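Use these hints to put chains E and F onto chain L, whose structure you have.
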Amino acid sequence: MSERIGFYICHCGINIAYRVRVAEVAAYASTFPGVVVARDYLFMCSDPGQELIEKDIRNLDLTRVVVASCSPRMHEKTFRAACQRAGLNPYHAFHMVCVREHGSWVTENEDEATEKARVIVRAGLKRVSFQNALIPSQFSVNSNSLIVGGGIAGMQAAIDIASAGFKAYLVEKAPTVGGHMLQYDKAFPTLDCTACIGTPKMVAVGQDKNVELRSYAEVEHVSGFVGNFKVTINNKARYIKSNCTGCGDCAKVCPVDFPNEWDVNTKMRKAIYLSFPQAVPVRYVIDKRTTAPCRTACPAGTNVQGYVQMVKTGNYQQALNIIMERLPLPGVLGRVCPHPCEIDCRRAEVDSAVSIRDLKRFAADHARLEDVPMPMVEEIDKKIAVIGSGPVGLTVAYYLRRKGFKISMFESMEKPGGMLRTGIPDYRLPPSILDQEINHILSKGVELKTGMALGRDFTLASLKDQGFDAIFLGIGAHVPVKMNIENEDAEGVVDAVWFLRKENLERARSAKKRVVIIGGGNAAMDTARVAVRSGAESVSVVYRRTEKEMPADHEEIEGAKEEGIEFITLTGPKKVVTENGRVIGIECIKNELGPADAGGRRRPVPIAGSEYVIACDMIIPAIGQSVETAPVIKDTPFELTAWGTFKVDPDTMQTSVPGVFAAGDAVTGPATVVEAIAGGHKVVTAIERYLNQEMDLFDAERKQKEENSVPEEKNYVPIPEKAAIVARAKATFVEPLSRKSTFEEVDLGLSEAAAQSDAAKCLNCGGCCECKLCVDTCKAKAIDHDIKDQREIVDVGSIIIATGFDPLDPTPMTQYGYGRYANVFTNLEFERLSNATGPTLGKLLKRDLNDRMKFTEPPKSVAILHCIGSRDINYHEYCSRTCCMYALKYAHLLKDKCGHNTQVYNFYIDMRCFGKGYEEFYKKVQSEGVRMIRGKVGSIKEAKNGMLTVLAEDTLSGRMVEIEVDMAILCTAMEPRTNAQDVMRKFGIGIGADGFFQEEHPKLAPVSTPSSGVFLAGACQGPKDIPDTVAQAKGAAAECLALSAKGIVEVPPMISWIDPDVCVGCQVCIGLCPYSAIEFDDFNSISIVNSAVCKGCGSCAGHCPSGAAKVRHFTDQQVFAEIDGLLLN
Amino acid sequence: MANFTKLSFKKGELNQKLADLFKGMMEKGVVDALLAPMIQPKRGVMLTLVTDPSLVGAIDPFAPVVPVNGARIASSITGKPSGRKTAMVLRSCEIRALVELCKLKQAHLDDVLLIGMDCLGRYENLDFIKLRAEGQSSEAFIEKALAGNTESGGCDVSGACKICEFPVADNVDLRLCIIGTGSDALYIESLTPKGDKALETAGLGIGEAPAGREAAVQQLVKKRKDACDAAFAQYRESTPSVDALEDRLANCINCYNCRVACPVCYCKECVFVTDTFRHNGDQYMGWADTFGTLKMPTDTIFYHLTRMSHMSLFCVGCGQCTSACPNSIDLMPMFKAVAQKTQARFDYQAGRSHEEKQPLTVFENDELVEVTGQIK
Amino acid sequence: MSEFEPKIVGFFCNWCTFTAADLAGTSRLSYPHNIKIIRMMCSGMVDPKYVIKAFLNGADGVLIGGCWPGDCHYINGNLKARRRVAMLTEILKEYGIDEKRFWLRWIAASEGTMLREVVNEMTAKLKELGPSPLNRETPGKKTPGNETPEKVNPEKVKMIG
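Residue numbers (this note's numbering), protein chains in the order written: chain L, 2 to 1130; chain E, 8 to 383; chain F, 6 to 166.
Only chain L is shown next, with the shape it has when bound in the complex:
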């Protein structure tokens, strides 16, 4: 049967007819093969227009219908419905041609418009005959809805959906719902307080059993389609469980302060906080960032930020407790640690690093070791032998003891402490401190056996026999390294190791008159300074490189110089000059610096012929030590490294002998105390796992490390711009003269005031400092610092985007001095001032010129500047629609709260009081004596006394006006959220020219988007005031409810299918499909489209060479016909 086509062209009032000669086009169409009727009509989309079509279909039994009118994106649905009502399959019968948006509205004269219309109409008429009947596939709708954004829009939508009996997931990225509305004070024009009308909504979404509130959460991924979305939500870790009562005890003890985002930084909050008293959920949250750099820099992983905060707040005991979590010898490290933490301290970017080491010592000196709590653990019936009582041995012993193991510690010398005692001179580390801290460790039930040397007094075998379950080797590195020069063994050559040991243990005073020390490390400095104290007249340090390359700590080098020690650099020893076997001098050779070695230090190169002799009677080489392994390996074959240290697994620290672990200098070679302790901690973990048969945990960890090897980007707390410069706290030192002759401690540490003020410099890079005070104080036991982010996947049928807006930041508009001038406020800051929960508890006060967090007295005169960033081609061309009204509100509030004689000036461009009761409000405020000046402010200047001079043109009088005020308020524009692009992509919606989300149609579909099932509400779609926002939210909710209530959804049938007879199974389409909607049928070796997943993008059809893959309603024939129509008669 041949086609019978009906053609209809719309005048659209005059919108089309004023350009297109519609009758003529109809006439042209009527001559087209198959066209049995061609009409033009005033409004095709009107009911009579649609009836006209329906009647024709029935009376003339039309098989096809072509309507030429507006864009199909507008009325295609309308006319398809008409055809359907008249009994035709709309996809088979109907095609729409756009002669308005693409025709009359974009062409300049009748002829062109009419001609263009003829051509595209012809294309439509050719195409329509090739269309096929399609049946939309139906899917059931998941009746849950997702709402993104917990502002007033999101809350309202959630409440409406819930009250209809359906479930709503409300996702809010802040810790509380409420949004901007709850930050405001009063709402124009009725001036009802937003808290009074807003908090009930918050409570409702918090309590309604149909609302699944996900605060402090974000949508990460969305898949699926209308009625059947799968949404991945990331619930960020709050570190507070749901049984939090909101009592606030935790905040009282929290030492860390940050500006409160909710109060736009006009007020401080703690690291553990509630955004504002009425927050919902009433559940605190901990602000944790990337672990502070000081803590990560510490080899032992000490919670530096934690104890620094404790010192700041004077809680020295807790400081010590925190230190003792990782460092068993706080006083020792507070004195001798080379503090790598201070190198990474970000405070240095402001002025100088926090004096962390000195703070540690201060804490140790001002708190009681006895009061450091031991964990409550059961005694474990496992014996561990710790060989060596140096820092590493003590670490292993102490922390394994804390876990309940039985520890015996073996020490070859008479007193415990290893190098701490023998190697570090007393003026740096008083023995009393060392004894006190070692005794504390022993007091916890660690058995110590001194004078017991491995290989001499006992063997590993003997330990095994005594029933030790695990053995730790921490024998250190005590054997001097030789210089390998002539006469090295002459009398008068004593190595630093022996010299220091003698002096430290026996006060031997063994130094001769003229002493030369060889080396540039801390050992060399110690030796030199000890030599001074033990009676040497002149002490020289000979070092082969320059002072810059010296490995010794800066403080030590300075200290040595102060004590009159001579530095002979770029000089190397050649031979010891002797006279009848005694030292009389050392022959040295001058060096120059050559190219850098592997370690990056420049290599010293001897200058030929520069030899000379330094007269001296004692030479003390301090060029390093090695491990004495001989006595150990003689009865147990340990694997050693090339450097003669014990070979261990880098993670488990286990030696080649199972059950025997090693760490410290014996493994690393001479290193720092804190490095030894770090090794000790590894051993503690390893031995515990070894004894629990859990060594496989290490493999798991290694694997995990490899997997997430990507470094996570650091989100430290930003460095405040206005941080005051504070000088670094200096410890007091004993005068060189008085200290040279004694071994008394040189460094006297910090005063309490100095310590606290230096601790106060800490920027708290990591947010929460994990002092854990909150944990102890929380009666509900609701705090858990180990909670992790939790991802959940929820199924929903519809989605509402209600992500709101960002207020514009006026800082770049330097002419207004925002940020520089104390009393230039943004609208939001002013709202917080006026709000009862704000920084001034609702009083409108000026800022203190010197302290931005302080507020003084009410302003006597205020300038309110409209249109800051709105209606401004340099920022946003659009009007933000709310500023005029809240500006009037501010004027009223100022008069109301600061007294009627307060001068208020409104600088406006046009007043836009379009809403219900708005104009009346305008009149009311004017009647209160507010000055309205029509003109944009050019600039604001601040005088010394903080007074602001506002310069503007009064465009009505045409005169420039210059007004002095105490305060200026910038009514800033509403901006699209900075992450609008991501949101757009996540949900497959569009963004308009203004940057806000694009609604499907500006008039007829203001809440829907191109992605069916995804709707918009509130300011994310464009600037809106509260009434409009709520109205739109209710509209969006209605859209969701319509879907949920109907329970089924029709998905447009324009999706792909693959002709099984034609498909050759090359599977290219499978790779091209963005939705993995195509599967391969192995048996028939053809590809098959899963119509539930396919969205009809045509990636497959666009490629398939045989045309097996087609998109329904966009077949080759249909497109070809259209092309023919455009180009052929």
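If a hint is listed, it holds; no wrong ones were tucked in.
Some chain F residues flagged as far from chain L (calculated, every beta-carbon gap over 10 Å):
#1 Lys105
#2 Lys130
#3 Gly135
#4 Pro136
Below, a list of computed lysine-lysine pairs in the DSS-like style, where the Cα atoms sit at most 25 Å apart:
#5 Lys383(E) <-> Lys987(L)
#6 Lys232(E) <-> Lys98(F)
#7 Lys168(L) <-> Lys237(L)
#8 Lys348(E) <-> Lys105(F)
#9 Lys98(F) <-> Lys348(E)
#10 Lys383(E) <-> Lys105(F)
#11 Lys576(L) <-> Lys514(L)
#12 Lys741(L) <-> Lys503(L)
#13 Lys289(L) <-> Lys268(L)
#14 Lys130(F) <-> Lys383(E)
Listed next, the stretches of chain F that the computed footprint assigns to chain L, with coverage defined by at least 3 CB atoms under 8 Å from CB atoms of chain L:
#15 35–44
#16 61–67
#17 80–86
Keep in mind that the hints were calculated from the coordinates and are not lab data. Remember, it's a predicted structure, so these values are computed and weren't measured experimentally. We put the CB at the ideal spot given by N, CA and C, even for glycine.
Chains E and F alone, transformed into the frame defined by chain L:
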């Protein structure tokens, strides 16, 4: 490292030697079947599939003829694999096409021992039969061709072969080498572990590469390259426009033989024979109205241009299209010239490797910015 | 003889460029009538043979409009389109169809003005280039794009019933 086995033969015994070789391979179970050019009982030489070792006697791989591009045959045998180990003796153009077909899941080489042979060109089928009738042997051809002369009795090898830059086959397990091996020896080169194993099981030793080969191959390739460039230059000059293209295709009758013969045109059913191109009267009249006259059959240029968009990225320049045209339209340069451009655009080369992804099957976010020339 | 009016066929993606065209309309941004739009769901749906067909039918230019990379409503259809366009350009060039006649452009839903600019630019370019070698209606014949329509008396309109 070199991996060659020398196979010396007396004049006239090359095929015998090869027959023994493959017989051995099959008996020793290296493979269960053999696909190779064999002399047919009636006339001509055709690819033949043999599963009985005793029947490989008729093998004649170097016969200068390719009635069908073997990639198609290989595809039909392995498209749905039998699981039986098969040795396939093919030429470079066949193997390169086969590589593309594998990417398109139209062939599978898991059970295939792929044996490439040096190719000195092929005659059109009828010419070859004529020459054979006149008594030209494969050995004689090889000798002549290696000397640089392929013309014989008024016939010459196909234009495609004259400009083919791939006389030696890549992506194979074994290679039958006759270029630069001396007239009395054929070398078998192994290029993969599969190949090594095959040689080993077949009890063939391993030796050095023939001295002259490297140079000889390079020289031949160079000669072909130059010929190719010249041919393209000449072709582009002669066919710069659609006009010229129409002229060239003036006698096309939409028989689609070129497509049937094309080894990389892999569709089960070409879109040009589907309903999409079954126009109705109005349409024909419409075109006639517009253009005044309408040459029938229609869509010839459309067909060829579309075919280019479908296969030029895979085109290996074997020239079967030209051979297949009943109206002697020389299609090869037409497709090969375009192929050169499209493949170059994506730095792609049909048949070069199994790993290279076919350009239209993948895409990147930041690439080809010059296409739109827009930066956001 | 009136100036040459190029015929441009536009294949516009429904979500970005087609919407941009609607926006240009609602914002009354007039641009040359030479372009006639065919609505596609995605630029990745445009089969190269549609373009070839358009040129063979005498189009002087073809403009494919898609979303910017990253913004595709179907994730990455536009990226596939870009590869196909690159491939097809090579073929067309080889046979004298200048690449200046075949454009792919990213035009977002909000870029109505950009749409207008692109069409202006392309029309001007094509006027310089002159008719496509394939644009060859028989002289004197009325052809779409540049025929001057005769006025019709509405009475002539066929009305049944």
